[in-house]
Amino acid sequence: MRFSGLKVLAEGLRGQKGWTPQWRDPEPKPAYDAIIIGGGGHGLSTAYYLAKEHGLTNIAVLEKGYLGGGNVGRNTTIVRANYFLPGNSEFYSHSLKLWEGLEADLNYNVMHSQRGLINLFHSDGQRDAFARRGNAMRNQGDDAELLDADGVRRHLPYLDFENTRFPIYGGLLHKRGGTARHDAVAWGYARGADSRGVDLIQNCEVTGIDIENGVVRGVQTTRGAIRAKKVGIVVAGRSGQVAAMAGMRLPIESHVLQAFVTEGLKPCIDHVVSFGMGHFYISQSDKGGLVFGGDLDFYSSYAQRGNLPMKEHVMDAAMTLMPMIGKARVLRSWGGIMDMTPDGSPIIDKTDTEGLFIDCGWCYGGFKAVPGSGFSFAHLMATGRHHAPAAGFRLDRFRTGVGLMDEEGTGSQHNLH
Amino acid sequence: MRLDCPTCGTRDRREFTYQGDALALDRPSRDAGDAAWDDYLHNRENPAGQTRDLWYHDACGTWAVVTRDTVTHAVHGSVAATDATR
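In order, the protein sequence lines correspond to chains S and V. Quick note on numbering: the numbering used here labels position 394 of the first sequence as 394, and the sequence is numbered without any gaps. Quick note on numbering: the numbering used here labels position 68 of the second sequence as 68, and the sequence is numbered without any gaps.
For reference, chain S alone in the conformation it holds in the complex (with noise of 0.2 angstroms):
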């Protein structure tokens, strides 16, 4: 089934009878060609460009919940190209690019909105660190403008530029920043890797990954084992549990950050807008919400909720930028589980256990690198060889101290980033 704007048409008229299923719920097969473990957004990109891109047609996504049930249906929506070091900033640039034929690639809208992304910043060395970050996203290719004060003032007129501790200094725009329909972006992915032939299996949990003389056989599930000759982990916050059933230990914790949307409002936030100083950044749903959030509650937990002090810091944040937000009225908040790395920067690479791949380590921003990181770790898995947008996301950089890639410049250790 094929959506366009005249079978709206006809289905609105027709009493919207004809819609049918938008993927199979086959059962697994004993064996496939390869194995993606974790139906998420990642997941169900990598299935996607592994058939489309590589002809892999005979592989199975697990999930053990259902699909698009973790970050993807959690996460805060942000898609942009704003990354400042070699390794991050071709990859985010490719995956950019990828979300701009995202919709058209796969007949499916995922509400991809290019409204903007503005950072703020509050001091003239902040400003200096904005327009080298922006020189570096246009030796990239993509777009960055530097604004003033009076440049932020034209987009953004509700915020308070006079604040004491942090008077507005001005922003650095990325226009073609925005956001996009996270659901939605898992929905399409997943109704085109069907149709192009992939098994998406939900209710059906790893509980084991066989390993014959260091060569991956296959895995154990809830429902049957199943051969394959390549696995694929990709499983975001719970990386650790998984790559344990293959003996391995990951340079990941789990963490929880948390977001919050306010009641439906009429438009009122048209942009992204980004207060690092408050660790605070905002946007508003097609759906009139006010989504925003803040840092990590900064210890580890798989409980995908916060606890109070996060929450009263990011309200604090939030009156701090924009004082009218204290009349709208918060509807709900949730927590996800973030699989932080050392140096704040993701994994797409082979273990030693031959046939065995791993997608992780996404901290918190996996959500607009879904296409990139589907699309080159599909590359990794089909070919054997690193795509080279993500060919810097090396699991083995750690032990070595070779390419890390610390955007933050903190330090590449646990609880900096």
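These are computed hints drawn from the structure, not numbers from a lab. Beta carbons are placed, not taken as given, at the ideal position from N, Cα and C, and that holds for glycine. Where hints are given, some of them may not hold.
As the list claims (entries may be wrong) - Sample of chain S residues with no beta-carbon within 12 angstroms of chain V, all distances over it, derived:
id, residue
1, Glu11
2, Asp150
3, Ala225
4, Pro251
5, Gly355
As the list claims (entries may be wrong) - Computed spacing ranges between beta-carbons, pair by pair:
id, chain 1, residue 1, chain 2, residue 2, range
6, V, Thr72, S, Thr207, 18 to 24 angstroms
7, S, Ser4, V, Gly49, 46 to 52 angstroms
8, V, Leu25, S, Gly401, 53 to 59 angstroms
9, S, Glu27, V, Trp37, 43 to 49 angstroms
10, S, Ala129, V, Gly77, 41 to 47 angstroms
11, V, Asp12, S, Lys7, 54 to 60 angstroms
12, S, Asp25, V, Gly77, 42 to 48 angstroms
13, S, Asn213, V, Gly49, 30 to 36 angstroms
14, S, Asp286, V, Arg27, 49 to 55 angstroms
15, S, Gly264, V, Ala32, 54 to 60 angstroms
Given chain S, work out where chain V should sit, using these hints.
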């Protein structure tokens, strides 16, 4: 979340700074080799369930090894790091 300081008793989480896994107390010897140091500095068991981690009580200066559940956030007690390493 409230945490137990071995010196002061149960206190608000805001009085503490999180350091990370209590593995930090088991420093390898200088010549242990890069794999041991990699495990010490970077690689983590990262348990979903009971964990031991290091918290610094800002108010009194005690380093505490807190036994905690990462799934429920329940705190099962703590000892001073100086006692834990004895």
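Here is how each hint holds up against the structure:
1. Glu11: 44 angstroms, holds
2. Asp150: Since the minimum Cβ distance to chain V is about 38 angstroms, Asp150 (chain S) lies beyond 12 angstroms and the statement holds.
3. Ala225: 24 angstroms, holds
4. Pro251: 4 angstroms, violated
5. Gly355: 22 angstroms, holds
6. V:Thr72 x S:Thr207: 18 to 24 angstroms: For Thr207 (chain S) against Thr72 (chain V), whose Cβ atoms are near 22 angstroms apart, the range 18 to 24 angstroms holds.
7. S:Ser4 x V:Gly49: 46 to 52 angstroms: Since Ser4 (chain S) and Gly49 (chain V) have Cβ atoms about 49 angstroms apart, the given range 46 to 52 angstroms holds.
8. V:Leu25 x S:Gly401: 53 to 59 angstroms: For Gly401 (chain S) against Leu25 (chain V), whose Cβ atoms are near 23 angstroms apart, the range 53 to 59 angstroms is violated.
9. S:Glu27 x V:Trp37: 43 to 49 angstroms: 47 angstroms, holds
10. S:Ala129 x V:Gly77: 41 to 47 angstroms: 44 angstroms, holds
11. V:Asp12 x S:Lys7: 54 to 60 angstroms: 56 angstroms, holds
12. S:Asp25 x V:Gly77: 42 to 48 angstroms: Distance hint for Asp25 (chain S), Gly77 (chain V) holds at roughly 46 angstroms.
13. S:Asn213 x V:Gly49: 30 to 36 angstroms: 32 angstroms, holds
14. S:Asp286 x V:Arg27: 49 to 55 angstroms: 52 angstroms, holds
15. S:Gly264 x V:Ala32: 54 to 60 angstroms: 57 angstroms, holds
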